[in-house]
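S.K.: So the protein sequences, as listed, match chains A, B, C, D, E and F. Letter by letter, the first sequence follows residues 0 to 136 of numbering that gives the first Met the number 0. Letter by letter, the second sequence follows residues 0 to 136 of numbering that gives the first Met the number 0. Letter by letter, the third sequence follows residues 0 to 136 of numbering that gives the first Met the number 0. Letter by letter, the fourth sequence follows residues 0 to 136 of numbering that gives the first Met the number 0. Letter by letter, the fifth sequence follows residues 0 to 136 of numbering that gives the first Met the number 0. Letter by letter, the sixth sequence follows residues 0 to 136 of numbering that gives the first Met the number 0.
Because the hints were derived from the structure by calculation, they are not lab data. Any given hint could be a false lead.
Here are a few chain E residues that sit away from chain B, every Cβ distance over 12 Å (derived from the structure) [claimed, not checked]:
hint, residue
1, Lys31
2, His36
3, Leu84
Residues from chain C shown here face chain D by an in silico Cβ test under 10 Å; the list is partial [said to hold, decoys possible]:
hint, residue
4, Lys17
5, Gly50
6, Asn51
7, Asp53
8, Lys70
9, Glu72
10, Ile92
11, Thr95
12, Glu112
13, Cys114
14, Leu116
15, Lys120
16, Tyr128
What the simulated footprint calls covered on chain B by chain E, stretch by stretch (three residues with Cβ under 8 Å from a Cβ of chain E suffice, anywhere in the stretch; the number is not a length) [as the list claims (entries may be wrong)]:
hint, segment
17, 60 to 71
18, 98 to 111
19, 121 to 134
Where is the CB? At the ideal position from N, CA and C, for every residue including glycine.
So you can see what is in the structure, the chains are spelled out below.
There are 6 protein chains.
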Amino acid sequence: MVYLTRREYFNGAHKLYKADWSPEKNVEVFGKCANKHFHGHNFDVFVTVKGNPDPDTGFVINAHALSKIMKREIVERLDHKNFNLDVPEFKNIMGTSENVAIQIWKWVEPHLEGCQLHCVKLVETENIYVEYFGEEK
Amino acid sequence: MVYLTRREYFNGAHKLYKADWSPEKNVEVFGKCANKHFHGHNFDVFVTVKGNPDPDTGFVINAHALSKIMKREIVERLDHKNFNLDVPEFKNIMGTSENVAIQIWKWVEPHLEGCQLHCVKLVETENIYVEYFGEEK
Amino acid sequence: MVYLTRREYFNGAHKLYKADWSPEKNVEVFGKCANKHFHGHNFDVFVTVKGNPDPDTGFVINAHALSKIMKREIVERLDHKNFNLDVPEFKNIMGTSENVAIQIWKWVEPHLEGCQLHCVKLVETENIYVEYFGEEK
Amino acid sequence: MVYLTRREYFNGAHKLYKADWSPEKNVEVFGKCANKHFHGHNFDVFVTVKGNPDPDTGFVINAHALSKIMKREIVERLDHKNFNLDVPEFKNIMGTSENVAIQIWKWVEPHLEGCQLHCVKLVETENIYVEYFGEEK
Amino acid sequence: MVYLTRREYFNGAHKLYKADWSPEKNVEVFGKCANKHFHGHNFDVFVTVKGNPDPDTGFVINAHALSKIMKREIVERLDHKNFNLDVPEFKNIMGTSENVAIQIWKWVEPHLEGCQLHCVKLVETENIYVEYFGEEK
Amino acid sequence: MVYLTRREYFNGAHKLYKADWSPEKNVEVFGKCANKHFHGHNFDVFVTVKGNPDPDTGFVINAHALSKIMKREIVERLDHKNFNLDVPEFKNIMGTSENVAIQIWKWVEPHLEGCQLHCVKLVETENIYVEYFGEEK
Chain A
0 MVYLTRREYF NGAHKLYKAD WSPEKNVEVF GKCANKHFHG HNFDVFVTVK GNPDPDTGFV
60 INAHALSKIM KREIVERLDH KNFNLDVPEF KNIMGTSENV AIQIWKWVEP HLEGCQLHCV
120 KLVETENIYV EYFGEEK
Chain B
0 MVYLTRREYF NGAHKLYKAD WSPEKNVEVF GKCANKHFHG HNFDVFVTVK GNPDPDTGFV
60 INAHALSKIM KREIVERLDH KNFNLDVPEF KNIMGTSENV AIQIWKWVEP HLEGCQLHCV
120 KLVETENIYV EYFGEEK
Chain C
0 MVYLTRREYF NGAHKLYKAD WSPEKNVEVF GKCANKHFHG HNFDVFVTVK GNPDPDTGFV
60 INAHALSKIM KREIVERLDH KNFNLDVPEF KNIMGTSENV AIQIWKWVEP HLEGCQLHCV
120 KLVETENIYV EYFGEEK
Chain D
0 MVYLTRREYF NGAHKLYKAD WSPEKNVEVF GKCANKHFHG HNFDVFVTVK GNPDPDTGFV
60 INAHALSKIM KREIVERLDH KNFNLDVPEF KNIMGTSENV AIQIWKWVEP HLEGCQLHCV
120 KLVETENIYV EYFGEEK
Chain E
0 MVYLTRREYF NGAHKLYKAD WSPEKNVEVF GKCANKHFHG HNFDVFVTVK GNPDPDTGFV
60 INAHALSKIM KREIVERLDH KNFNLDVPEF KNIMGTSENV AIQIWKWVEP HLEGCQLHCV
120 KLVETENIYV EYFGEEK
Chain F
0 MVYLTRREYF NGAHKLYKAD WSPEKNVEVF GKCANKHFHG HNFDVFVTVK GNPDPDTGFV
60 INAHALSKIM KREIVERLDH KNFNLDVPEF KNIMGTSENV AIQIWKWVEP HLEGCQLHCV
120 KLVETENIYV EYFGEEK
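All chains, please: the whole structure from these sequences, using the hints.
M.R.: Next up, the structure:
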């Protein structure tokens, strides 16, 4: 087994705000992230797959093919988008990095052939990132 | 003369959209940045000052003091803010990195003592940054 | 399970020197790190916790709360400190990155609620880092 | 158990080209990497070992000793080399990052004492890296 | 005047070898870079332009337009290429980073409108980069 | 003219403490940096030289030769050293980054042939760096 990781990135906006809480409670829990006018990040997303290198090509997966899947399934949906307003999946659940990483797994996993999805890592700032390894871990 | 640079950072949202242009023209000129629902970035801001090191302290400026100025004059105004909606200076001019850098110069310059402001550098993504050296350059 | 990682940093000084060894043996084993006058590093520390995102907040842990724990339990103890002279825990054991990482685990672990500590990663230079996953791994 | 990671780097050239395929098929599968005149990368290699810190030294392994092993076993073989033409191990198998990582494991593993090899990570570009954890994983 | 910088990157191969010198002299002057089978790098190229922000757009130059120029004039010529064998401009002059930077200036400069080329910076490794500011500086 | 920059690094310890000031005044001015037991940093040092590329070699300076000068003149003097106690030049002047950069200029400048020293940049943390361009600038 070899693990291959590919990075892509996107710039998004979101706010962390729960509509059925008071503004005060939102600020207490989410701090500055509750600003009703949104804020944003340069997100880096790392997708790791695992498999045995193909004897002919030496590839676990063609990194260029993985890039195409990531651009189509992740970047087109999230780049220069407002997660709260533009992305249906985050209409009813918080668009935190945790939930975005889980959603990215769901978007990418069905499109991989010949290897398994191992990890989705989402870097929100140089100081915070999350990793999701699927339901079983 | 020695030049000292201090970095701080903030996360903001903006859109590049000119109200007196048609939506089509906005997309033509600004591309994805024209999304009406905003997008955002992790901005790094580097302020460079120049001066002669103080013979007692060896400092051009106390970097901790510079950090305090930057946090008060820049970060408090822009962090987790929507430049278009929350920052008065960008109500009527585009909140591009170019214009934000010029504005940061205006905010910081009056508060420096014993040294001169040399450069404001604003990093929008790992691929794009701007620098402003004041009106004379 | 989602894993969330938060970074903080501190600048420390230490020397690697075993008092009951001869100076020659210390230099043989620890090389330049045995300099009796100390040397130092900019340490980055990454704390990773794991848990299920809260259905309300979408958080495994509030990253701001984790930052406060890390600043209080790690940064206040180690920042601008001499590990050999200022930190009681390293009076009798070597303040190597390995031992510092284990000690950070002990300091942080009791303060986490609603999630588990998964990893302490300590980056000593761009070329060397250590990771500790607790006693069981 | 503590995990210690050491980085070294080297600059190599390679091409991805399968001699028993047509030029067209090579371009179809390997894209620009099939250029017959080669291209190259700045590779970063991270070797992670695991073990219990020595009670005397506080080391899982002396990072300087690990560096010497890596320079002798990896850097001398691959730095400023053409993998296809200069490295016997890649005469008959593709010099992809996957296969280079597996080979690095084989070169380094026999030379470690008092700790176990855990991972070889090879970073090909800022967007692509591979990890190999040995045959059992 | 505001300065805007855009980064692109490419992976190339080259060797530093002067045909009318003996192999021994080549190794003496160029060291490992003289390997006849080539070696390569991940090059980062930063192009800096200067100008006054457009009052309508707030742009010195549209960073997306600059990216297109850089991809067409630089990346298409150098990415996954062997400078010695594939790039006519380096048939008779050494493909050092110094000379590549000067050549990139010549390729990019004629295509800029409404702003001036200020600097071409070429990063060869994390430890070496060159900058060229045009003939007058 | 082309500018070439080479990076080296070293790990040092220092304290900012003025002996003829009271402990209280030292803490007031230097904050945590006044800790009598020292603290330390991973310093990156970038030396930039300028000149015309040699028509034969394409080099402003052989980067390997520049590295040797930097290792001998800078790294051997400062690496794993305590600036206050081990480096004669900082016995009587503060070992701030400003003063260290000026001193590095004095150490390196006499050893350059065929090119001019342009800048010494010293990076103390990811948030603070200084640059010195010689006495005339």
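S.K.: All the hints need checking, so say for each whether the structure fits it.
M.R.: Here is how each hint holds up against the structure:
Listed as outside the interface, Lys31 of chain E is consistent with that label: its C-beta sits roughly 30 Å from the nearest C-beta of chain B, beyond the 12 Å cut-off. Separation of His36 of chain E from chain B is adequate, the least Cβ-Cβ distance of about 33 Å exceeding the 12 Å criterion. Separation of Leu84 of chain E from chain B is adequate, the least Cβ-Cβ distance of about 29 Å exceeding the 12 Å criterion. Here the hint on Lys17 of chain C is kept, as its CB sits about 6 Å from the closest CB of chain D, short of 10 Å.
Interface hint at Gly50 of chain C: violated, since its Cβ lies 22 Å from the closest Cβ of chain D, which is beyond the 10 Å cut-off. Taken as an interface hint, Asn51 of chain C does not check out: its beta carbon lies about 26 Å from the nearest beta carbon of chain D, beyond 10 Å. At its closest, the beta carbon of Asp53 of chain C sits 30 Å from a beta carbon of chain D; the interface hint therefore is violated under the 10 Å criterion. For Lys70 of chain C, the suggested interface contact is broken, since its CB lies about 24 Å from the closest CB of chain D, more than 10 Å.
Among the interface hints, the one on Glu72 of chain C is violated; its C-beta lies about 19 Å from the nearest C-beta in chain D, farther than the 10 Å criterion. Taking 10 Å as the C-beta cut-off, the interface hint given for Ile92 of chain C holds, the closest approach to chain D being about 7 Å. Because the beta carbon of Thr95 of chain C sits about 4 Å from the nearest beta carbon in chain D, less than 10 Å, this interface hint is met. Proximity of Glu112 of chain C to chain D is violated relative to the hint, the smallest CB-CB distance being about 26 Å (cut-off 10 Å).
Hint on Cys114 of chain C is violated. Least Cβ distance to chain D is approximately 21 Å, over the 10 Å limit. For Leu116 of chain C, the suggested interface contact is broken, since its CB lies about 15 Å from the closest CB of chain D, more than 10 Å. For Lys120 of chain C, the interface hint holds, since its Cβ comes within 10 Å of a Cβ in chain D; the closest pair sits about 9 Å apart. Because the beta carbon of Tyr128 of chain C sits about 5 Å from the nearest beta carbon in chain D, less than 10 Å, this interface hint is met.
Note: the segment 60 to 71 of chain B has 0 residues with beta-carbon separation from chain E under 8 Å; the three-residue rule is not met and the coverage is violated. Evaluation of the coverage hint for the segment 98 to 111 of chain B: fulfilled, as 3 residues show C-beta separations to chain E shorter than 8 Å, against a requirement of three. With 8 residues bearing a CB less than 8 Å from a CB of chain E, the segment 121 to 134 of chain B meets the requirement of three and the coverage assertion stands.
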